[in-house]
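Peer 1: Counting from 1, position 274 in the sequence shown corresponds to residue 278 in this note's numbering; the numbering is continuous, with no gaps.
Think of the hints as simulated: they come from the structure by calculation, not from any bench. Watch out, some of these pointers could steer you wrong.
Derived pair list, reagent style DSBU-like, types lysine-lysine, alpha-carbon separation capped at 30 Å [as the list claims (entries may be wrong)]: (1) 227 to 95; (2) 158 to 178; (3) 390 to 217; (4) 390 to 380; (5) 274 to 335; (6) 215 to 195; (7) 246 to 217; (8) 217 to 195; (9) 150 to 181; (10) 94 to 246; (11) 383 to 95.
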Amino acid sequence: MSEIIKTNDNLEDKKDIKQEDNKGKAKKKIAAFIGGMAVVGILYSLYFFLFLNGYETTENAYVTGNQTAVTAQIAGRITQINFVDTAQVKKGDLLIEFEDTDYQLALEGAEIALAQAVRDYSSLETNVSECEYALGETMNNLANVKRNYDRNFKLFNAGIISSQQMDGSTTQLKNAKLAVSQRKEALSNAKLQASSKDAYSHPAVRNAILKYKQASLNLSRTKVYAPVDGIVAKKSISLGQKIGIGYPLFSVVDLNNEWVEVNLKENQMKHVKIGNTVELTSSLNEKVYKGYIVGVSAGTGNAFSLLPPQNASGNWIKIVQRLPVRVAFDKKSLEDNGVLPLGTTMEAEVDTKIVEDSHPNIEIKSSNPYTLDIQKIKKTIDHIVKANSY
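The task is simple: from the sequences and hints, build the whole structure.
Peer 2: Set out below in structure tokens:
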């Protein structure tokens with residue numbers, strides 16, 4: 005019996021020793037785990053302060069650029085289309101032609117109207133000469149009537165002629181004076197109508213010249229040219245279609261002058277400045293581009309929406325807003341990695357520690373394909389004026 009009790013005591017002692025060993029091992033594992041976590045925390049802290057601190061990242065970034073919309077400047081029927089959607093075009097390429105018969109006729113009508121205006125101006129100058137001649141004639145007549153009146157007045161005082169004869173002489177003098185006044189007024193009016201240093205500065209001729217230029221411009225608008233270099237998008241016309249003024253024809257996208265709109269959270273904007281360098285990773289080709297911050301929006305997207313979330317009803321919930329930041333591509337980076345379609349997404353990493361003083365900006369391009377050939381029009385106008393002046 006005593007041996008059995010001793011055996012049980014030995015078993016319990018071994019069990020207690022084993023439990024103590026397990027507890028010791030568990031404490032060592034926990035200590036090792038805590039120590040490992042502490043090491044990881046220290047390493048991450050060092051990594052954050054040495055490498056991650058000063059960077060702001062987001063996946064909310066999209067490629068955007070200039071879309072030059074081309075609309076119809078005249079009304080008419082399309083007779084020729086020289087492109088297809090997605091075609092690469094150069095500035096000045098002839099893309100669309102309208103039926104131009106009506107505009108050719110309008111130009112001829114404007115030419116005829118200009119010729120008639122020049123002739124009318126010449127006739128006004130002739131009218132001035134005629135009025136001057138007529139005024140001289142009436143003044144000579146007035147002088148003659150005045151002499152007759154003076155003679156008759158002396159004869160009347162001498163009792164040689166009657167009162168009736170004297171009244172007739174007085175009436176003739178008054179009529180002669182009235183005729184001179186009328187001729188002077190007519191001359192003044194004729195000079196006013198013809199008052200101009202030359203035909204080109206006369207209001208009627210200037211108005212005719214303006215209408216001729218407008219007709220020339222309308223005729224030139226029957227041909228639509230590419231306003232800038234780029235790729236055609238949003239073609240919305242077909243051959244034979246009759247359209248009106250302002251109808252959208254197509255757009256040209258300049259992929260060599262694009263940028264990225266990076267939407268950062270408002271709590272990421274504390275250290276973001278214009279000139280910060282940005283690393284852009286395209287989701288399309290997975291290539292890395294270099295960029296620079298060139299501008300920050302004046303407001304968040306919600307601030308410019310039709311229905312802003314701010315209200316005074318008491319049920320407002322704070323939501324972190326995003327602020328659009330414009331990032332220009334580094335030109336060399338864009339040339340090396342290739343252009344990107346508009347709307348494609350990118351991952352952006354802003355280095356707030358670096359601020360570049362000199363960085364590329366977004367190019368602002370302008371184009372007016374409907375300019376007049378001034379030299380050619382001037383020669384035509386000069387020819388019309390000389391041919392109809394006399």
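Peer 1: Each hint: holds or not?
Peer 2: Status of the hints after comparison with the structure:
This hinted pair checks out: residue 227 and residue 95 have alpha carbons roughly 14 Å apart, not beyond 30 Å. For the hint pairing residue 158 with residue 178, the CA-to-CA distance comes to about 18 Å; that is within 30 Å, so the pair holds. Annotation: proposed proximity of residue 390 to residue 217 holds, straight-line Cα distance about 18 Å (limit 30 Å). The straight-line distance between the Cα atoms of residue 390 and residue 380 is roughly 16 Å, inside the 30 Å bound, and the hint therefore holds.
Between residue 274 and residue 335, the direct Cα distance comes to roughly 28 Å. Compliance with the 30 Å bound is thereby established for this hinted pair. In summary, the hint linking residue 215 to residue 195 is supported, as the alpha carbons are separated by about 25 Å, within the 30 Å threshold. Under the criterion of a C-alpha separation no larger than 30 Å, the hint pairing residue 246 with residue 217 is consistent with the structure, at around 25 Å. Note on residue 217 and residue 195: the hinted pairing holds, with a Cα-Cα distance of about 28 Å set against a maximum of 30 Å.
Our distance criterion of 30 Å between C-alpha atoms is met by residue 150 and residue 181, whose separation comes to about 9 Å. With a C-alpha separation of about 26 Å, the suggested pairing of residue 94 with residue 246 holds against the 30 Å cut-off. Proposed proximity of residue 383 and residue 95 is supported: the alpha carbons are some 28 Å apart, at most 30 Å.
In this structure, every one of the numbered hints holds.
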